[in-house]
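Asks: Sequence:
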Amino acid sequence: MFREFPKLTNQLCYAIYNSNRMLNQFYKKKLLAFDLTYTQYIVLLVLWEKDNIKLYELGQTLELSSNTLTPLLKRLEEKGYLRRIQPEKDKRQLVIQLTQAGQAGQLEIQSVLNACFSEEIDFSPAVMQQMIADNVRLTQAIKADM
Numbered sequence: 001m002f003r004e005f006p007k008l009t010n011q012l013c014y015a016i017y018n019s020n021r022m023l024n025q026f027y028k029k030k031l032l033a034f035d036l037t038y039t040q041y042i043v044l045l046v047l048w049e050k051d052n053i054k055l056y057e058l059g060q061t062l063e064l065s066s067n068t069l070t071p072l073l074k075r076l077e078e079k080g081y082l083r084r085i086q087p088e089k090d091k092r093q094l095v096i097q098l099t100q101a102g103q104a105g106q107l108e109i110q111s112v113l114n115a116c117f118s119e120e121i122d123f124s125p126a127v128m129q130q131m132i133a134d135n136v137r138l139t140q141a142i143k144a145d146m
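Under full-length UniProt numbering, the first residue of the sequence shown carries the number 1, and numbering increases by one thereafter.
Just so you know, the hints here were simulated from the structure itself, not pulled from any lab data. For glycine and all other residues, C-beta sits at the position ideal for the given N, C-alpha and C. Please note that the accuracy of each hint is not assured.
Derived Cβ-Cβ restraints for the label pairs, each shown as a range [to be verified]: (1) 121 <-> 88: 20 to 30 Å; (2) 87 <-> 123: 18 to 28 Å; (3) 133 <-> 48: 17 to 27 Å; (4) 108 <-> 13: 27 to 37 Å; (5) 13 <-> 121: 21 to 31 Å; (6) 100 <-> 12: 39 to 49 Å; (7) 25 <-> 104: 26 to 36 Å; (8) 118 <-> 25: 12 to 22 Å; (9) 5 <-> 107: 47 to 57 Å; (10) 21 <-> 89: 41 to 51 Å; (11) 122 <-> 68: 32 to 42 Å.
Straight line, CA to CA, 27 Å or less: simulated DSS-like cross-link-like pairs of lysine-lysine [claimed, not checked]: (12) 50 <-> 30; (13) 74 <-> 91; (14) 143 <-> 7; (15) 50 <-> 143; (16) 29 <-> 7; (17) 50 <-> 28.
Take these sequences, add in the hints, and give me the full structure.
Replies: Structure representation (structure tokens):
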């Protein structure tokens with residue numbers, strides 16, 4: 001008896017891969033106006049939620065190594081979005097702090113991206129929240145299996 005193999009278009013891995021690729025292109029295009037990469041943008045998202053964060057905590061939150069974050073933070077500092085501060089008490093620590101420009105950029109950047117999702121892609125906030133919840137569940141299940 002012939003066994004039929006699953007089709008590419010029916011594979012969850014391919015659907016997620018393709019969505020990820022398209023989202024990267026989408027964000028690249030939208031963030032160009034702010035001279036930001038996607039990874040720089042998610043660093044700013046963390047800082048908008050919690051400013052004055054230690055480098056290791058930022059790395060844990062984003063699941064990125066300090067080797068990845070260091071050049072990225074340097075570029076964001078050069079662009080005026082943040083400062084890297086070594087506390088007097090412990091020079092081994094590095095604290096990341098938004099500048100006024102970094103704080104002020106939140107409203108404009110978030111407004112542009114939110115409008116894109118609601119107008120261009122036509123996803124309601126409820127649909128987006130459900131997609132996020134499904135993605136979180138999938139990620140947690142995969143991590144638990146590793």
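Asks: Does the Cβ-Cβ separation between residue 122 and residue 68 fall within 32 to 42 Å?
Replies: holds (34 Å)
Asks: At the C-beta level, are residue 100 and residue 12 separated by a distance inside 39 to 49 Å?
Replies: holds (44 Å)
Asks: Go ahead and decide if the range 12 to 22 Å is satisfied by the Cβ distance of residue 118 to residue 25.
Replies: Distance hint for residue 118, residue 25 holds at roughly 19 Å.
Asks: Please test the hint of 26 to 36 Å on the beta carbon pair from residue 25 and residue 104.
Replies: At roughly 27 Å between Cβ atoms, residue 104 and residue 25 fall inside 26 to 36 Å, so the hint holds.
Asks: Sort out whether residue 91 lies within 27 Å of residue 74, counting only the CA atoms.
Replies: Distance ~17 Å between residue 74 and residue 91 Cα, so the pair holds.
Asks: Taking the beta carbons of residue 121 and residue 88, is their distance inside 20 to 30 Å?
Replies: Roughly 47 Å apart at Cβ, these two residues miss the hinted range, so it is violated.
Asks: Should the hint that residue 87 and residue 123 are 18 to 28 Å apart at their CB atoms be regarded as holding?
Replies: Because 42 Å falls outside the window, the suggested range is violated.
Asks: Next pair to validate is residue 29 with residue 7; report whether the Cα-Cα distance is within 27 Å.
Replies: Violated - the C-alpha atoms of residue 7 and residue 29 are around 31 Å apart, more than 27 Å.
Asks: Does the Cβ-Cβ separation between residue 5 and residue 107 fall within 47 to 57 Å?
Replies: Hint holds: Cβ distance 50 Å, inside 47 to 57 Å.
Asks: Take a quick look at whether residue 50 and residue 28 sit within 27 Å of each other, Cα to Cα.
Replies: holds (24 Å)
Asks: Check whether the Cα positions of residue 50 and residue 30 lie no farther apart than 27 Å.
Replies: Holds: residue 50 and residue 30 sit about 24 Å apart, inside 27 Å.
Asks: Mind checking the alpha carbons of residue 50 and residue 143 for me, to see if they're no more than 27 Å apart?
Replies: At roughly 25 Å apart (the allowed maximum being 27 Å), residue 143 and residue 50 satisfy the hint.
The structure fails to meet hints 1, 2, 16 from the earlier list, while all remaining hints are met.
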